[in-house]
Amino acid sequence: MTKQVMLVLAASIPVLAQMPQGNAFQQNAWLVVPNARSEAANFSNAPIDGQSGPVTGRPVSASEVRHTEQRLLDGSRIHADETERFYRDSAGRMRTETSTGAVIFDPVAGFTYDLTTNRKTYRRMPVSDNSVVTIAGATSRSSTRSHSWTGKEKPQSATVTEELTPQMVNGVYAKGARVTTTIPAGTIGNDGDLKVVNERWYSDDLKLLLKSSNSDPRFGLTTYELIDISQTAPDPALFQIPQEYSEAPR
Amino acid sequence: MNCKEARALAIECSRDAGAADLHFETCARCARFLDTQRAMGAQLAAVARETPDAPDLESKLLAEFRAASTGRRRGFGRWVWAGGALASVVVGALVLRNPAPARRASGEPFIEIPYTAPLAPYERSRVVRMDIPVAALIAAGFEVHAPDTGAVLQADVLFGQDGRAHAIRLVSRSIPISN
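From first to last, the protein sequence lines stand for chains A and B.
If you're matching positions, the first sequence starts at 1 in my numbering and goes up one per residue.
If you're matching positions, the second sequence starts at 1 in my numbering and goes up one per residue.
Hint data in this document are derived by calculation from the structure and do not stem from the laboratory.
Every value quoted in this text rests on a predicted model; they were computed, and no experiment measured them.
Glycine residues also receive a C-beta, built at the ideal position from the N, C-alpha and C atoms.
Keep in mind that the hints are not guaranteed to be accurate.
[What the hints assert, rightly or not] Okay, the calculated beta carbon distance ranges per label pair: (1) B:Thr26 - A:Phe111: 28 to 38 Å; (2) A:Ser90 - B:Pro147: 49 to 59 Å; (3) A:Pro242 - B:Thr26: 49 to 59 Å.
[Claimed, not checked] Covered by chain A, per the in silico footprint, the following chain B stretches (three or more residues, Cβ under 8 Å): (4) 110 to 117; (5) 133 to 142.
The shape of chain A in the complex, shown without the other chains (with noise of 0.2 Å):
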């Protein structure tokens, strides 16, 4: 019985482990971790952890590269790679583009739009307070942590995070840190250590993540990077819906 439901469990990782598709419908988030600084306040000048609202006046054109790599029980590897195209101007719009469609989030306006591309139609979403999320598990962020919420005792975890030395990511002057955090054996029911490793190289100038690689025995390998960066302020109609689309019906 073990067994099975570990089987499971293991088939049912990737969908947790498994990249949202570039078109579907969803809604840009800006950060907001209360009462917690980043886990890399641990050195100086450190931004706090992901976008917390648009950024103005670095306009930034890119393409996105992603790709997520599993090996599952039985030895087969399942993998995927995604590209998309990035957009942001100097107004804080940021646009995301693959071949079936583009997500527009527009601050100024007030809207995020979901483009179809096939249909030529696109929907529409107003940006509002939903836009802030907040992650309650953030709340308790330290350099050292538990999986406390069960009432049980656990082992602890332990998070280092080491910071980088700074180096030109495609062109780009980067920041870089890697965070290492140890699941230990028993936590959540592994028979020994979990490491997960975390390596991330940020730009201050462009308010951007550039490159950033994740190995998680619980989810595979992700890597993500920023390629072909150019801080050109791209086309204003990149950002506007299309004459030929017209509002899909709800």
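Could you slot chain B onto chain A? The hints should help.
Relative to chain A, chain B alone:
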């Protein structure tokens, strides 16, 4: 509007009476579905009011998991394997090809997926509404003692710029049977 479209709208209607559609007045099944969504919305709002800190919120939400899964204990051994695996495949396919619209997020906080690295500085995030098997939540490290790991819950999932899931927020405790 057909039933499928109506149910996609039900989440929003459950929070905004003005958004209700005529379909719900003419289709009894969808009307019941809408009632369930409204009841769940009210319960979640109550949970949010009652729980000022994260651990309490988590325990209550996890209790909802357990409560929602009682009554489906029979035939666990055989069906959990087949159901869970099938649910994973079906839901995975849905996530890939036809994610449910995240029309409106509620104000409740997200629950961090245990032991995930935090978002990087400046990392964009997005919220996508999707169906998640209970099994996937257990595998991710959540404490869910639901006997039916093939059950599916609807949730808003917070994804980072790199495509990793960071946190979830339950939307509904109605559990469609996948197998």
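To see whether the hints hold, each was checked on the structure:
1. Take B:Thr26 and A:Phe111: their Cβ atoms lie about 31 Å apart, and the range 28 to 38 Å holds.
2. Roughly 54 Å separates the CB atoms of A:Ser90 and B:Pro147, a value that falls within the hinted 49 to 59 Å.
3. Under the hint 49 to 59 Å, the C-beta atoms of A:Pro242 and B:Thr26, about 36 Å apart, miss the expected range.
4. Here the region 110 to 117 of chain B counts 8 residues with a CB under 8 Å from a CB of chain A, which clears the bar of 3, and the coverage holds.
5. As drawn, the region 133 to 142 of chain B meets chain A at 8 residues by the rule of a beta-carbon pair under 8 Å; at three or more, the given contact holds.
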